[in-house]
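Keeping their order, the protein sequence lines are chains A and B. If you're matching positions, the first sequence starts at 89 in our numbering and goes up one per residue. If you're matching positions, the second sequence starts at 3 in our numbering and goes up one per residue.
It is possible that some hints are incorrect.
[What the hints assert, rightly or not] Here are some, though not all, of the chain B residues that point toward chain A, as calculated from beta-carbon distances under 10 Å:
id : residue
1  : R12
2  : Q23
3  : R25
4  : L26
5  : A29
6  : Q87
7  : V102
[As the list claims (entries may be wrong)] Derived list of chain A stretches under chain B, where covered just means 3 residues or more per stretch with a C-beta under 8 Å from a C-beta of chain B:
id : stretch
8  : 164 to 172
9  : 178 to 185
10 : 194 to 207
11 : 266 to 278
Keep in mind that the hints were calculated from the coordinates and are not lab data. Each residue gets a CB set at the ideal place from its N, CA and C atoms; glycine is no exception.
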Amino acid sequence: MIEVEGLRKEFVVRRGRFRRERHVVTAVNGISFRVDRGELLGYLGPNGAGKSTTIKMLTGILVPTGGHISVAGLEPSRKRIELAHRIGAMFGQRIQLWWDLPLRDSFELLRHIYRVPADRHRTNLARFREVLELDAFLDTPVRQLSLGQRIRGELTAAMLHAPELLFLDEPTIGLDVVAKQRVRDFLVEINREDGVTVMLTTHDLGDIERLCNRLLVIDHGSLIWDGGIPELKERYGGERTLVIDLEEPAPPLVVEGAVVDRVDGPRQWLRFKGSASEITSRVAEAARLVDLQVQEPDIEEIVRRIYMR
Amino acid sequence: MVDTVFVWRRLVGAQIRSQLQYRLSFALDAFGSFWISFIDFLVVLVIFRNVSRLNEWNVHEVAFLYALSSITFAVTDMLIGQLDQFPQKIRDGNFDILLVRPRGTLFQVIASDFALRRVARVVQGSIVLVYALSTLTIHWTVLRVLVLVVSVPSAIVIFSSIWVVGACIAFWTTDGGEFTNAFTYGGTAMAQYPFDIYATWLRRLLGFVIPLAFVCYFPALYVLGKTDPLGLPRFLEFCSPAVAAVSALVAGLTWRSAVRHYRSAGG
């Protein structure tokens with residue numbers, strides 16, 4: 089569905105007030121990956137890592153400096169209009185709905201822009217009205233919608249022409265827990281039921297963990313991870329933490345195969361690799377335990393470790 | 003093409019509906035627009051209180067020139083005038099949205115910016131035109147009518163092309179609105195007066211490089227049956243449609259190459 093080979097994007101920036109010096113900033117530095125039909129792919133990276141720039145090149149907004157892209161068999165910057173019929177895009181921080189018009193009218197205008205036949209439009213819209221519960225505000229001007237309602241409107245707008253591929257740039261930014269869940273449910277549904285390939289960038293690791301079966305991580309313009317989430321955890325998050333409560337405060341324990349990270353009164357945190365039962369029995373030999381707990385690393389922690397490298 | 007016009011009508015129709023939602027605001031805008039352009043014409047009348055002729059032109063002839071320029075500019079302004087706010091779209095990255103839709107970007111920009119209130123200026127220009135035509139004695143021939151009728155769409159195309167090329171500057175500078183205004187608003191102000199009153203260098207630059215002389219001056223010479231005080235070849239009086247076609251082509255190509263320079267905005 090998507091093939092990217094050695095993709096680069098450089099921006100020329102001029103700095104200085106009087107003597108304008110030319111600097112070349114490399115936003116995306118030769119990345120390669122492929123995405124198959126039906127995948128739900130997360131694209132992660134710190135601010136300024138090149139996430140949005142990649143998405144913009146995939147959707148035909150920006151022209152790459154080098155490398156090769158094929159999306160749905162088309163080269164985005166050359167076949168922009170043809171591609172636009174086959175992809176949907178939603179940018180969490182941009183508004184594509186008409187600000188002063190009711191939601192319903194925005195959808196009607198998009199129908200004409202995308203040349204969707206009226207009956208197909210009605211069927212598609214009916215479905216999104218149900219899944220995203222749009223009926224309560226379908227006749228409200230967009231400027232009066234809450235952020236959560238507007239994002240539901242934006243998602244509908246991106247999907248109304250039934251694209252095979254959906255790009256989302258931070259779709260859940262600023263949403264409350266309930267609204268986030270609704271967006272996630274929607275993405276899972278269109279991915280499973282309609283086989284829509286979804287690629288999303290996000291800062292919300294909850295999105296990634298609940299939605300994606302594959303993860304790309306980009307940093308400083310280069311891909312530093314391409315694979316599943318369990319593998320990522322194994323690779324970067326192999327260490328778990330054993331939290332123990334002792335009978336009374338004690339100096340950090342010395343146990344083979346574990347390192348004490350933190351001490352707080354009678355409670356100690358031990359970082360370890362390998363089998364939890366082995367470490368536990370060793371700890372039990374060294375001190376009298378009241379309680380213990382094993383903590384799995386969460387993805388947030390893993391990503392922090394990757395970024396910190 | 004038919005489909006494009008149809009979609010344009012839908013998009014513009016939606017905007018007119020939303021603009022009419024705020025009736026009072028619309029009425030005030032339209033009223034203001036009417037008066038500003040009316041005062042503009044008063045300046046012409048004030049000049050002719052002090053002089054009886056501008057070179058070879060009397061007040062009625064200048065009024066005719068003024069009306070032609072004013073009407074065609076106002077129509078352009080109504081159709082695509084919001085293009086001078088286009089740099090904002092470039093700066094905040096909202097141009098992105100247009101690029102992921104299956105339509106030409108220029109078409110979408112134009113169709114998203116229809117300002118109905120500017121119809122007031124068309125009305126004002128038309129009033130001046132009626133006044134000019136009623137005071138002038140023109141020997142109407144079929145060809146004269148034809149030149150006049152064709153000059154209107156030609157002028158609109160020329161004005162639009164200038165505007166589009168000006169807007170393209172924003173792709174490189176992400177601003178430059180004021181620079182562009184010098185040629186759009188400034189251009190129409192120049193085209194309202196006969197070109198032979200301007201200095202030679204200004205005439206060359208604004209008359210031919212930026213082809214403002216073809217907006218009204220040359221067609222008006224023919225319709226009014228005047229000989230060109232500058233003594234330029236007479237065939238130029240018929241060139242407006244051709245100049246319009248070339249302008250549109252240049253504008254289209256400039257836009258295309260500008261879009262490829264689009265850098266979007268972060269976030």
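Measuring from the C-beta of L26 (chain B) to each C-beta in chain A, is the shortest one below 10 Å? 15 Å, violated
Take the stretch 164 to 172 of chain A, compare each residue's beta carbon with every beta carbon of chain B, and decide whether three or more fall closer than 8 Å. holds (count 5)
Double-check Q87 (chain B) for me: the hint is only fine if its C-beta lies closer than 10 Å to a C-beta in chain A. 14 Å, violated
For the hint on R12 (chain B), does the least C-beta distance to chain A fall short of 10 Å? Check passed: Cβ of R12 (chain B) comes within 5 Å of chain A, closer than 10 Å.
State whether the coverage of the stretch 194 to 207 of chain A by chain B holds or is violated, taking the criterion as 3 or more residues with Cβ-Cβ distances under 8 Å. holds (count 6)
Can you confirm whether chain B covers the stretch 178 to 185 of chain A, using C-beta to C-beta distances below 8 Å and requiring at least three such residues? Coverage by chain B holds for the stretch 178 to 185 of chain A (5 residues, Cβ < 8 Å).
Close enough to count: is the Cβ of R25 (chain B) nearer than 10 Å to one in chain A? Status violated, d = 14 Å.
Restraint outcome when Q23 (chain B) is required to lie within 10 Å of chain A by C-beta distance: 7 Å, holds
Can the stretch 266 to 278 of chain A be counted as covered by chain B under the rule of three residues or more with Cβ-Cβ separation shorter than 8 Å? violated (count 0)
Supplied contact hint for A29 (chain B), tested at 10 Å Cβ to chain A: 17 Å, violated
Proposed interface contact between V102 (chain B) and chain A, which counts if any beta carbon pair is under 10 Å: 4 Å, holds
Of the numbered hints listed earlier, those contradicted by the structure are 3, 4, 5, 6, 11.
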